[in-house]
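**Student:** Taking the hints into account, I'd like the entire structure generated from these sequences.
Here the protein sequences line up with chains B and P, keeping their order.
Residue 1 in this note's numbering is what sits at position 1 of the first sequence, and the numbering runs on without skipping anything.
Residue 12 in this note's numbering is what sits at position 12 of the second sequence, and the numbering runs on without skipping anything.
Calculated directly from the structure, the hints in this document are not laboratory data.
Backbone N, C-alpha and C fix where the C-beta goes; we use that ideal spot for every residue, glycine too.
Incorrect hints may appear among the rest.
What the hints assert, rightly or not - Distance windows between CB atoms, simulated:
#, chain 1, residue 1, chain 2, residue 2, range
1, B, Q206, P, S108, 42 to 48 Å
2, P, M20, B, S46, 42 to 48 Å
3, P, L185, B, A120, 23 to 29 Å
4, P, D64, B, R28, 36 to 42 Å
5, P, A38, B, S46, 45 to 51 Å
As the list claims (entries may be wrong) - Stretches of chain P that chain B covers, calculated by requiring three or more beta carbons in the stretch to come under 8 Å of a beta carbon on chain B:
#, segment
6, 108-115
7, 152-158
8, 196-204
To be verified - Under 10 Å between C-beta atoms, here's a sample of chain B residues computed to sit facing chain P:
#, residue
9, H37
10, G44
11, A165
12, D170
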Amino acid sequence: MRWSEAALLAAAISLPSMAQAPAAPAARFVVVLDAAHGGDDTGGHSGNWTEKAFTLALSVRLRSLLQARGIEVVTTREQDETLAAEQRDAIANHAQAQACLSLHASLSGSGVHLFVSSLAPVQPARFVPWKTAQATAVARSLGLAGVLNSALGQAGLNVTLGRTALPVVDSMTCPAVAVEVAPDPGSGVTATESLNDAGYQAKVAQALAGALLEWRQDGLGESVHDVSRKGARAP
Amino acid sequence: MIPRYQTVLFFVLLAASIIMGAVLWQLRDRAEQRRLQAQASTPTQAPQVAPAVQATLMVANDVDDSMQERIFSLPLPPSENARARAILGKLLDLYAAPGATHPVEGGSSAIAQVFLKPVNVSATGGARGRRAANAAAAPEMAVVNLTSAFAASHPSGIETESLTVLSICATLHANLPQVTEVRFLVDGQERLTLAGHADLTRTYLTAEAAPTAVVGAAP
Chain B
1 MRWSEAALLA AAISLPSMAQ APAAPAARFV VVLDAAHGGD DTGGHSGNWT
51 EKAFTLALSV RLRSLLQARG IEVVTTREQD ETLAAEQRDA IANHAQAQAC
101 LSLHASLSGS GVHLFVSSLA PVQPARFVPW KTAQATAVAR SLGLAGVLNS
151 ALGQAGLNVT LGRTALPVVD SMTCPAVAVE VAPDPGSGVT ATESLNDAGY
201 QAKVAQALAG ALLEWRQDGL GESVHDVSRK GARAP
Chain P
1 MIPRYQTVLF FVLLAASIIM GAVLWQLRDR AEQRRLQAQA STPTQAPQVA
51 PAVQATLMVA NDVDDSMQER IFSLPLPPSE NARARAILGK LLDLYAAPGA
101 THPVEGGSSA IAQVFLKPVN VSATGGARGR RAANAAAAPE MAVVNLTSAF
151 AASHPSGIET ESLTVLSICA TLHANLPQVT EVRFLVDGQE RLTLAGHADL
201 TRTYLTAEAA PTAVVGAAP
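**Tutor:** Below, the structure is given as structure tokens:
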């Protein structure tokens with residue numbers, strides 16, 4: 001590489017940081033909704049009920065509720081399409097969101113199951129391994145799960161919490177929680193009828209939207225990028 | 001006077017009877033030979049009944065996403081690989097039984113093999129390898145080979161799949177404390193997930209297998 005090319009490259013690399021330096025970053029709150037499965041991947045299924053259709057419906061419902069409250073929402077899919085885990089993570093990580101919800105459904109168990117990555121927390125770094133990127137955000141993910149748990153519980157929903165290895169969540173850099181909606185234990189109907197119940201879906205979506213609003217108001221969802229920018233501005 | 005055609009018919013039937021008798025005699029001989037051969041391959045000593053020992057099973061419960069310790073007295077083989085397979089088979093038999101707290105089809109036949117091998121501390125490197133080395137004198141990795149029929153029939157869901165994986169890990173660690181890591185195969189091949197959710201590509205640490213509540217109980 002010639003010196004002139006090297007100088008040009010160095011200048012090009014430094015341009016974004018030079019452009020960002022004087023301007024204060026606008027306060028933005030972004031939520032990523034990942035409707036799990038889709039396309040060829042139906043997820044769980046029983047009769048006419050499929051997990052991919054349920055998660056898409058819940059994602060659309062939740063997006064509407066959040067947008068009505070002035071929250072910017074990025075969804076990984078808006079239709080029945082096949083998406084690889086890497087594509088979902090790329091969308092979520094590019095959005096630099098303050099909260100990421102991976103939406104799932106199950107005919108097993110009852111109520112709403114919240115899962116946080118089982119990765120051990122690590123300090124944020126400039127470069128992180130793709131498959132364990134969530135390790136930098138696990139602490140905030142636990143906080144987000146706590147807020148979701150509280151809101152869902154106040155809505156009268158049965159909530160269980162756990163940690164697990166989920167490839168999509170493990171590669172997200174935002175505070176991320178996998179939300180798995182299971183049948184309502186008090187409904188007295190079959191599992192599929194319970195999950196198809198519009199009232200039950202609305203109740204879950206309302207509780208999740210309320211929790212995310214609280215997450216924003218508490219200012220707990222600062223992304224790694226926000227933290228690093230604040231750190232740079234500190235005297 | 002006997003008509004000619006009746007004479008011919010008599011001799012034809014007589015010949016057929018003789019031939020059928022000969023064939024029947026030959027088939028009887030063959031059956032006798034097979035019976036004798038089977039007797040020759042039968043073990044002459046009665047199989048030894050293994051003494052019953054206590055086995056701890058970590059039984060999953062879908063209702064509260066928990067695992068409950070249950071102790072059974074089981075006749076277990078002396079080989080550690082076979083012992084691990086027998087214990088996991090009992091665990092999956094519980095899941096396949098009516099009224100199970102974590103209903104999963106398949107039973108003991110879902111475990112094709114369990115292999116135990118030493119953990120390669122130098123290969124794993126870093127904190128994980130050091131942790132494994134400190135856990136026991138000779139830490140081992142269990143490779144659990146599940147059948148594809150089990151994976152195909154397993155209910156789909158994060159909770160139910162995670163509980164199956166974690167209860168297998170916790171049960172192995174409870175009975176074979178030297179097992180610090182567990183990997184899963186399906187029909188001898190690596191598989192991305194169990195039934196669409198639980199990651200089967202990673203190595204599970206048995207010390208982290210207990211699925212406890214992480215941010216407090218639900219109100």
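**Student:** Next step is simple, just say for each hint if it's right about the structure.
**Tutor:** The hints, checked one at a time:
| no. | hint | verdict |
| --- | --- | --- |
| 1 | Q206(B) x S108(P): 42 to 48 Å | 45 Å, holds |
| 2 | M20(P) x S46(B): 42 to 48 Å | 59 Å, violated |
| 3 | L185(P) x A120(B): 23 to 29 Å | 25 Å, holds |
| 4 | D64(P) x R28(B): 36 to 42 Å | 38 Å, holds |
| 5 | A38(P) x S46(B): 45 to 51 Å | 47 Å, holds |
| 6 | 108-115 | violated (count 0) |
| 7 | 152-158 | holds (count 4) |
| 8 | 196-204 | holds (count 7) |
| 9 | H37 | 7 Å, holds |
| 10 | G44 | 3 Å, holds |
| 11 | A165 | 4 Å, holds |
| 12 | D170 | 7 Å, holds |
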